[in-house]
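Starting from the structure of chain A, add chain B with the ligands where the hints point.
Below are the chains, spelled out letter by letter.
Number of protein chains: 2
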Amino acid sequence: MPTTRIRRASLLDRVVTAEEAARYIRDGMTVGMSGFTRAGEAKAVPMALAQRAKTDPLKITLITGASLGNDLDKTLAEAHVLSRRLPFQADPSLRKAINAGEVMFVDQHLSETVEMLRARTLGPIDVAVVEAVAITADGGIVPTTSVGNSATFAILAEKVIVEINTSQPPELEGLHDIYIPTRRPTRQPIPVMAPDQRVGLPFIPIDPDKIVAIVMTEKLDSSASVQAPDEDTRAIARHLIGLLEREVELGRLTHSLPPLQAGIGSVANAVLHGFIDSPFHDLTMYSEVLQDSTFDLIDAGKLNFASGSSITLSEAKYRAVIPNISHYKNRLVLRPQEISNHPEVVRRLGLICINTALEVDLYGNVNSTHVGGTHMMNGIGGSGDFARNASLSVFVTKSIAKDGRISSVVPMVSHVDHNEHDVDVIVTEVGIADLRGLAPRERAREIIANCVHPSYRGALEDYFERALKRGGQTPHIIEEALSWHVRLRETGTMLLPETVA
Amino acid sequence: MPTTRIRRASLLDRVVTAEEAARYIRDGMTVGMSGFTRAGEAKAVPMALAQRAKTDPLKITLITGASLGNDLDKTLAEAHVLSRRLPFQADPSLRKAINAGEVMFVDQHLSETVEMLRARTLGPIDVAVVEAVAITADGGIVPTTSVGNSATFAILAEKVIVEINTSQPPELEGLHDIYIPTRRPTRQPIPVMAPDQRVGLPFIPIDPDKIVAIVMTEKLDSSASVQAPDEDTRAIARHLIGLLEREVELGRLTHSLPPLQAGIGSVANAVLHGFIDSPFHDLTMYSEVLQDSTFDLIDAGKLNFASGSSITLSEAKYRAVIPNISHYKNRLVLRPQEISNHPEVVRRLGLICINTALEVDLYGNVNSTHVGGTHMMNGIGGSGDFARNASLSVFVTKSIAKDGRISSVVPMVSHVDHNEHDVDVIVTEVGIADLRGLAPRERAREIIANCVHPSYRGALEDYFERALKRGGQTPHIIEEALSWHVRLRETGTMLLPETVA
Ligand SMILES: CC(C)(COP(=O)(O)OP(=O)(O)OC[C@H]1O[C@@H](n2cnc3c(N)ncnc32)[C@H](O)[C@@H]1OP(=O)(O)O)[C@@H](O)C(=O)NCCC(=O)NCCS
Ligand SMILES: CC(C)(COP(=O)(O)OP(=O)(O)OC[C@H]1O[C@@H](n2cnc3c(N)ncnc32)[C@H](O)[C@@H]1OP(=O)(O)O)[C@@H](O)C(=O)NCCC(=O)NCCS
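Those protein sequence lines, which keep their order, are chains A and B.
Quick note on the working numbering: the first sequence kicks off at 3 and runs consecutively.
Quick note on the working numbering: the second sequence kicks off at 3 and runs consecutively.
For reference, chain A alone in the conformation it holds in the complex (with noise of 0.2 Å):
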């Protein structure tokens, strides 16, 4: 069975058990592993390792494409493996491991890590480990449901491990599109003109000595626990759409709009649904994360391609798609994150980009990572890779959160992801608040307009009127900007006494 799956006979004899491949991992180096929102994560040798850091301690710089599946950043976590963990994470135990300074989290945007391990300002790699549903004939690596990093970590590393996972089905070759810009400073251009275009490999080369291990796994993705669209994410599909089409009465976009991009999350992918009783068609995507909604697009004939990192999935619509990919794979392609992210891709091809914010203030400035601006909630991402260079930059969220006791509009964010000059509208399920061309004020009186829950308006438009009279470009009562993230925390909820009563 094996010589389908590594193709390359010398390589053969490199199979060995998880915990024989986890020993090339030691205390204090650091390790690049494949994996992009639960996708694609090499997933016997983290368990192994975590196993072995019961009896023999160590600690590891961990970096991978995105977040892990399988509970493995859990895991990792619980046996304190991890001193530093890079660029993202979206795992509940990890998450309060970083907000208690146990672990050192480097929040980046998605596209940039690699050029820093390049540039050896990160780095070296020590070891990389890499799903692969195979090993091509030349020692060539073939990844399964994600790209992220795995390319540049398998290329720079000094040690690689494959965990070949025989469940993925062998159709996964040629889904993937491996290019790794130049070296600078004779960097060419990223030759990507359009979301179908293929530019590289359909595989990871790599010298085929530098495969230390080889290890056999069949355990699956886990799944995403997306939730269905509601009446709140129904609102605000119909929002954007509506501004969409009035962009095409416009003369400004035609029907099958620029390519678009869509963040994780519930949200996120409910809005995304919203475009399948458009009257959208012969949609391109050139995202990051395809989620289940990017299938029920192509099955609803709307979506013509997409474009992305890795592709993430509901159980029932995993069963649906990954066995059957071949019925999808001319409509599909998977690329390193540092192509489905890189700023001059996504502004070459002027991207429509819709992400998902915690709050927004009155400004249009977003908080997509920090409750109450001190607690890490995943990290930023592909946002701001997006976000800054869309020619659409679009930020989705629920008017309000806890039942009410959170206003997800408030007088100043309490951390800044991404500021005023890259949010172009701002969508609750309240309405929608077109920014472009706007001076802060009238960003103001827009969102106030629009975006905010009734509960909260009044409020909202009170500080508003009260800022404006200390005057400035972007009016704040200044010991009074954060006072609902006070109030919030010292009293539970947002809504001042008064209403609350």
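These are computed hints drawn from the structure, not numbers from a lab.
The reader is advised that the hints may include incorrect statements.
[What the hints assert, rightly or not] So the derived label-pair ranges between C-beta atoms look like this:
id, chain 1, residue 1, chain 2, residue 2, range
1, B, R189, A, S227, 45 to 55 Å
2, A, D284, B, R185, 15 to 25 Å
3, A, G103, B, H329, 43 to 53 Å
4, A, D279, B, R185, 28 to 38 Å
5, B, K221, A, L203, 58 to 68 Å
6, A, R200, B, V201, 48 to 58 Å
7, A, Q53, B, V201, 37 to 47 Å
8, A, L245, B, L60, 25 to 35 Å
9, B, H329, A, D284, 36 to 46 Å
10, A, D58, B, Q190, 11 to 21 Å
Just so you know, even glycine gets a beta-carbon here, dropped at the ideal spot from N, CA and C.
Chain B with the ligands only, in chain A's frame:
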């Protein structure tokens, strides 16, 4: 005389007075004018417009490259001609009108304005007014000391007014490289692969029939009032050069460094000056504004080539450089600001970018625009285009302002222009904080140890230690985070009462 400056005979009869030309500009119009960091702005027509407004009030939206010289923004603001102004300014009177809410100022990343014009989410441009040294036989416009957004204004405008400035030497012709990206969805890569590469035309190509008026002028650009390097800025330069020397020792950089970008203002200019007495050589610049230091570096034999969008000099330097521009011409190119600042090119070339902060915080977030979190200084300018895409993003500032009443290192910045993800290194005269690859808690220790003025270090350390008890990825005492700004507002200083006494 005009025939050497106006080489298309059919346009000779379009020469009119500034007053006559200004009549094409009417109430409610959107006007695009040349001018970038006080260089190459149209001079006579806006003056005539301000004059006319005294008896015939009108309001326009004024879009430029960046700031205007010759007190034009002041004159226009005081004549109440400006209803909207974008994308940058640096004038005290206009600043006052903006902060009073009289002029709607739309502060933009300088590479992005023309994308919005092309997409028609801004505009249309009714009239473009462009300063030129000459009009070619084909009707092409040869700009003067800046390109800025002039090319796109002229190409998109319905009507074009050209101001031929006969004080500007004809030898400026050949300095410019006008390249405009092709339209989406078939946009091609920006073909700039090195600072000295020319990819466009030496003039702005337009349909000559759109030139409705030509005005002859002779007023010079106003000179920059940059402060000479002082003890503090010399220390900042020394710290930065020390870091770069260590990068060379580590084999990560060579002595000719990646191309340099340096922001506007006294501090950045002074820091660049510091390279004269450094071990670096064969330097190049890929920057926005070329200040005195660029020419001092060329004269010192340190700088081989500089690409920019404008030349802004002190009076003495202007007299030395502009009349002798032929001497420098093979080492210089002026590009549209879209190209000088393009994320695609900045990232490809891997620039070292040096920009100035008003204030930075514990975690390395930067405020470059909003005094006290509310009042506009100048605008974000190109700093976001550069900092986000740099291979090394440096922010410089003196550690204190206003005789020590303000600490430029604060617990939380009162406005975020650049967040921690885009800030690699912070330098004050006290020292340098190298934040690359660090988590927020580590960034804080590095900044406290190296950048804070001694009179504020204790207070900042105390804040951080107490914030740590609250936990989080980015610990803050949310009700105290902006208290230094509140104290400044209420007591006139950020120093605590006991420290002052
Ligand atoms: C912002 C983000 C967390 C939203 O995720 P989501 O699943 O769409 O959103 P939800 O509305 O379900 O919110 C997630 C949680 O945040 C909470 N939340 C929402 N707004 C909040 C606010 N203003 N303050 C505090 N908590 C808030 C919700 O209550 C929910 O909590 P729970 O997990 O306890 O139920 C997610 O999109 C993210 O991590 N984004 C950053 C990375 C990114 O944008 N990548 C894009 C490129 S792929
Ligand atoms: C930030 C910026 C204003 C600094 O300008 P500079 O001339 O180098 O800096 P200075 O130290 O002289 O400071 C300018 C003024 O700000 C004041 N200042 C500095 N730090 C301050 C702070 N933390 N709070 C309030 N005021 C402050 C100074 O006292 C000085 O005031 P003055 O004009 O009354 O003397 C300028 O670089 C800028 O506008 N940057 C944004 C645009 C940009 O970065 N473009 C780069 C691409 S070209």
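Do the beta carbons of L245 of chain A and L60 of chain B sit within 25 to 35 Å of each other? 32 Å, holds
Taking 36 to 46 Å as the hint, is the beta-carbon distance of H329 of chain B and D284 of chain A inside that range? 56 Å, violated
Falls inside 58 to 68 Å, the C-beta gap from K221 of chain B to L203 of chain A? Cβ of K221 of chain B to Cβ of L203 of chain A: about 59 Å, so the range 58 to 68 Å holds.
Distance restraint evaluation - R189 of chain B, S227 of chain A, Cβ atoms, bounds 45 to 55 Å: The hinted range 45 to 55 Å is violated for R189 of chain B and S227 of chain A, with Cβ atoms some 38 Å apart.
Distance restraint hint 11 to 21 Å, applied to the beta-carbon atoms of D58 of chain A and Q190 of chain B: Roughly 55 Å apart at Cβ, these two residues miss the hinted range, so it is violated.
Between Q53 of chain A and V201 of chain B, does the C-beta distance stay in 37 to 47 Å? 57 Å, violated
Taking the Cβ atom of G103 of chain A and the Cβ atom of H329 of chain B, is their distance within the range 43 to 53 Å? Given about 58 Å between the Cβ atoms, the range is violated.
Within 48 to 58 Å or not, the Cβ separation of R200 of chain A and V201 of chain B? 27 Å, violated
D284 of chain A versus R185 of chain B beta-carbon gap, inside 15 to 25 Å or not: Check passed, 19 Å falls within 15 to 25 Å.
R185 of chain B and D279 of chain A - C-beta distance against the hinted 28 to 38 Å: 31 Å, holds
Violation of the numbered hints given earlier is confined to hints 1, 3, 6, 7, 9 and 10; the remaining hints are satisfied by the structure.
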